[in-house]
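**Q** Here is how the chains run, residue by residue.
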Amino acid sequence: MIDAKYADVPSGWSWAPRGRVGCQPDVHPPVASASVIRLERVTKLYKTSTRPALDRVSVAVDKGEFVFLIGPSGSGKSTFLRLLLREDVPTRGNIFVSDLNVAKLPRRRVPRLRQRIGCVFQDFRLLPNKTVGGNVAFALEVIGKQSATIKKVVPEVLDLVGLQGKAERMPHELSGGEQQRVAIARAFVNRPLVLLADEPTGNLDPDTSQDIMLLLERINRTGTTVVMATHDHSIVDSMRRRVVELDLGQVVRDESRGVYGVGR
Amino acid sequence: MRSDFVVREVVTGLRRNVTMTVAMVLTTAISLGLVGTGLLAVRTIDRTEQLYSDRVEVQVALTSDVSANDKDCSQPVCAGLKSTLENSPLVESVRFENQEQAYERYKELFAGQSLADLVRPQSLPATLRVRLSDQQAGADAVRQAMAGQVGVRNVIDQRDVVAKLFDFLGGVRNVTFALAMVQAVAALLLISNTVQVSAFTRRTEVGVMRLVGATRWYTQLPFLIEAVVTGVVGALIAVGGLLVGKFLFIDELLSGIVSNGVVPPIEVADIIWVSPILVMIGAGIAAVTGYVTLRLYVRL
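Listed in order, the protein sequences are those of chains A and B.
Quick note on numbering: the first sequence equals residues -2 to 261 in the working numbering.
Quick note on numbering: the second sequence equals residues 302 to 601 in the working numbering.
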């Protein structure tokens, strides 16, 4: 069934460095083997819409990169992240995360994919009835880690995100910035290859946002690839990292050390 | 699989949905209690059949003149009938019961009741009590051979009487099973509903579990175990209900016919025999319903 779905992809087609669709200077010569994330002409059509949410998107992200995914609402950022997580499957095209062919991954292997990806959201998504430590430990418990490992790793990661001594607090006792730190700790505690952040600063004031960005940068320095969808101009402009801009489902810009956009 | 994690999730789930859980347990208990009653009825029917297969006789009642004049079946009419019966290969044995003996038995049977005083020995017929070696063919053969013979008043097949008892017990069984089925549908819907509510109240947890890469088993098992626990608790309550029912109602209801040996009593051992069946049915139905619900209605 999956084969039939992708029957319209030419069989001899392989991902080639002919440039990303609609991209400007091709400053990231794609080296397939080093790519942690690779989208090959990915199109996603939703039944309810005639316009594709993603339209022949090809992007490669190398290990250790920090990428901003920008674009107006409805440009396809969320779909991009959902496809990487295999919350949904593309209508056409291939997606690779590390060595996993995400679109063709059998259901039972989806957990393996998700264990390699950490996720952070605008609304934190913490469990209100668990402590800070409990929230972070939960991510390890549910993938069957031993409690000895959990006892060792959780305090370490709380230190890393700057929440030392707050393991026993409840989420509602924390500020927004601290809650987001817990969420980041939870996403990072299993040492994922990739951290996906969907507007992680969307609910935070500029100063707190800056702190969160420093934290994400620190995590990036450990070798974790970070892909962050955002609308925050100032953050993108100040960080000067790779920027992939989507508009109407297409990649309209892909530049290293980019800014949010002139005149935007 | 970390069992402590699963146990904790199950306990949390049950506690969070406590009213729903209680409703589910009670419905399951009533349903399984009825199933248990039906099973006990089946068991009693089997036992009763066994009890009667040794005892059931065909009685050939003799006319009043033969009854009155022949105390030991030595006269030609009775002796002729007796030897005819004894010569049949379908007959195991023939015993003669004269009026006096019949009267003794009658008094014994209706001891303490006014009916016992109304009857005189003369009003009871002497009988040839035929025990059959072939229960099926024998009764008809005896009936055919004896009906209309000189000295024979009528032929009574005790199985006709017993059949009425079996019909009654069979009716009890059918009614309880029918009620159990209706209750079981209610229990199924409740289990399904509870699993859905349980999954909904824990959607944040489940969402996080999916995102961090928990396997399907990890996400689903707590819900399944929750359903199974309620099924098992329901079954145990049903067993308790059967025990209470036995001591409070059934023993008293059946005391008369049990002491006369008409039906065997329902023992605690019978209920113990039924209980693992109920527990297995409860757990099995809950598990299957829970699993199907999770697959069909809940995105995990």
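By construction, these hints were calculated from the structure, which means they are not laboratory data.
From the three backbone atoms N, C-alpha and C, an ideal C-beta is built for every residue, glycine too.
Any given hint could be a false lead.
[What the hints assert, rightly or not] Label pairs and their computed distance ranges (CB to CB): (1) A:N98 <-> B:N494: 48 to 54 Å; (2) A:P103 <-> B:L549: 22 to 28 Å; (3) A:K148 <-> B:G541: 30 to 36 Å; (4) A:D244 <-> B:T502: 17 to 23 Å; (5) B:R317 <-> A:K148: 24 to 30 Å; (6) A:P103 <-> B:Y592: 18 to 24 Å; (7) A:E84 <-> B:V593: 41 to 47 Å; (8) B:L549 <-> A:P125: 23 to 29 Å; (9) B:R504 <-> A:R237: 36 to 42 Å; (10) A:R254 <-> B:W518: 44 to 50 Å; (11) B:V483 <-> A:G173: 51 to 57 Å.
[Said to hold, decoys possible] Stretch by stretch, here's where chain A covers chain B in the computed footprint (C-beta under 8 Å, at least three residues): (12) 360 to 373; (13) 567 to 579.
**Q** Give a verdict on every hint.
**A** Evaluation of the provided hints:
no.: 1; hint: A:N98 <-> B:N494: 48 to 54 Å; verdict: violated (39 Å)
no.: 2; hint: A:P103 <-> B:L549: 22 to 28 Å; verdict: violated (57 Å)
no.: 3; hint: A:K148 <-> B:G541: 30 to 36 Å; verdict: violated (42 Å)
no.: 4; hint: A:D244 <-> B:T502: 17 to 23 Å; verdict: violated (40 Å)
no.: 5; hint: B:R317 <-> A:K148: 24 to 30 Å; verdict: holds (27 Å)
no.: 6; hint: A:P103 <-> B:Y592: 18 to 24 Å; verdict: holds (20 Å)
no.: 7; hint: A:E84 <-> B:V593: 41 to 47 Å; verdict: violated (24 Å)
no.: 8; hint: B:L549 <-> A:P125: 23 to 29 Å; verdict: violated (48 Å)
no.: 9; hint: B:R504 <-> A:R237: 36 to 42 Å; verdict: holds (39 Å)
no.: 10; hint: A:R254 <-> B:W518: 44 to 50 Å; verdict: holds (45 Å)
no.: 11; hint: B:V483 <-> A:G173: 51 to 57 Å; verdict: holds (53 Å)
no.: 12; hint: 360 to 373; verdict: violated (count 0)
no.: 13; hint: 567 to 579; verdict: violated (count 0)
Violation of the numbered hints given earlier is confined to hints 1, 2, 3, 4, 7, 8, 12, 13; the remaining hints are satisfied by the structure.
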